[in-house]
Amino acid sequence: MTNAWKQIHRMKRLAIGPITTPEYIEWRVRRINDNIPEPSRESSQSIEKHLRVVPYELEIIKQDFERRNVELEKKIKKDELEIRPNEDRQNEQRHYFKNQVRDRDHIMGEAVVQIREVADHLQTLAVQADVLSVKHELESSRGQELASLLRKIRVLSIRVKSYL
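At position 9 of the sequence shown (counting the first as 1) the number is 9 in the working numbering, and the numbers step up by one without a gap.
Careful: at least some of the hints might be erroneous.
Derived BS3-like pairs: lysine-lysine, alpha-carbon spacing no greater than 27 angstroms straight-line [to be verified]:
(1) Lys-77 <-> Lys-62
(2) Lys-98 <-> Lys-78
(3) Lys-62 <-> Lys-74
Between beta-carbon pairs, the in silico distance windows are [to be verified]:
(4) Tyr-56 <-> Thr-21: 47 to 57 angstroms
(5) Gly-109 <-> Asp-130: 27 to 37 angstroms
(6) Val-155 <-> His-106: 29 to 39 angstroms
(7) Lys-75 <-> Lys-98: 55 to 65 angstroms
(8) Arg-116 <-> Val-155: 34 to 44 angstroms
(9) Gln-114 <-> Ala-147: 22 to 32 angstroms
(10) Glu-117 <-> Ser-141: 30 to 40 angstroms
Because the hints were derived from the structure by calculation, they are not lab data. Glycine is no exception: its CB is placed at the ideal position from the N, C-alpha and C atoms.
Given only the sequences and the hints, what does the whole structure look like? Please build it.
Spelled out as structure tokens, the structure:
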């Protein structure tokens with residue numbers, strides 16, 4: 001089968017060779033060129049118009065771009081000018097709040113010292129009340145008052161310890 005195909009193919013080549021006359025070649029070239037559209041005068045004018053319009057449109061787009069770019073640069077500068085005062089104000093506020101926290105911490109420290117002193121004093125009073133209750137009889141009215149005071153002092157002492 002392969003040999004048969006080769007034979008037919010060779011025969012086509014041989015047959016085509018002698019038929020190619022100058023008229024055939026000219027007809028073939030014309031046929032090929034007929035497939036390529038030639039620009040008419042009207043279409044060439046419209047292409048020229050189009051070619052003139054395209055740079056004009058590009059110029060408009062370029063101008064729009066440049067105008068928008070200038071607007072954005074102005075906006076950036078304006079925003080930068082607004083940001084700087086805001087940063088300064090925020091720094092001032094931060095320092096102010098820092099100072100307030102430091103002052104509050106100092107006051108709280110002093111309050112804790114005073115509470116400790118009061119707690120120590122209450123402890124001392126509780127010890128003294130115990131000594132007095134031993135000296136006096138609990139049955140007397142004075143002894144009952146001292147016992148009541150002793151209970152109040154102990155309650156206060158317990159409450160103060162919860163804050164420490």
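Hints, verified against the model:
no.: 1; hint: Lys-77 <-> Lys-62; verdict: holds (23 angstroms)
no.: 2; hint: Lys-98 <-> Lys-78; verdict: violated (31 angstroms)
no.: 3; hint: Lys-62 <-> Lys-74; verdict: holds (18 angstroms)
no.: 4; hint: Tyr-56 <-> Thr-21: 47 to 57 angstroms; verdict: holds (53 angstroms)
no.: 5; hint: Gly-109 <-> Asp-130: 27 to 37 angstroms; verdict: holds (32 angstroms)
no.: 6; hint: Val-155 <-> His-106: 29 to 39 angstroms; verdict: holds (31 angstroms)
no.: 7; hint: Lys-75 <-> Lys-98: 55 to 65 angstroms; verdict: violated (34 angstroms)
no.: 8; hint: Arg-116 <-> Val-155: 34 to 44 angstroms; verdict: violated (18 angstroms)
no.: 9; hint: Gln-114 <-> Ala-147: 22 to 32 angstroms; verdict: holds (29 angstroms)
no.: 10; hint: Glu-117 <-> Ser-141: 30 to 40 angstroms; verdict: holds (33 angstroms)
Violated hints, in rising order: 2, 7, 8; the structure is consistent with all others.
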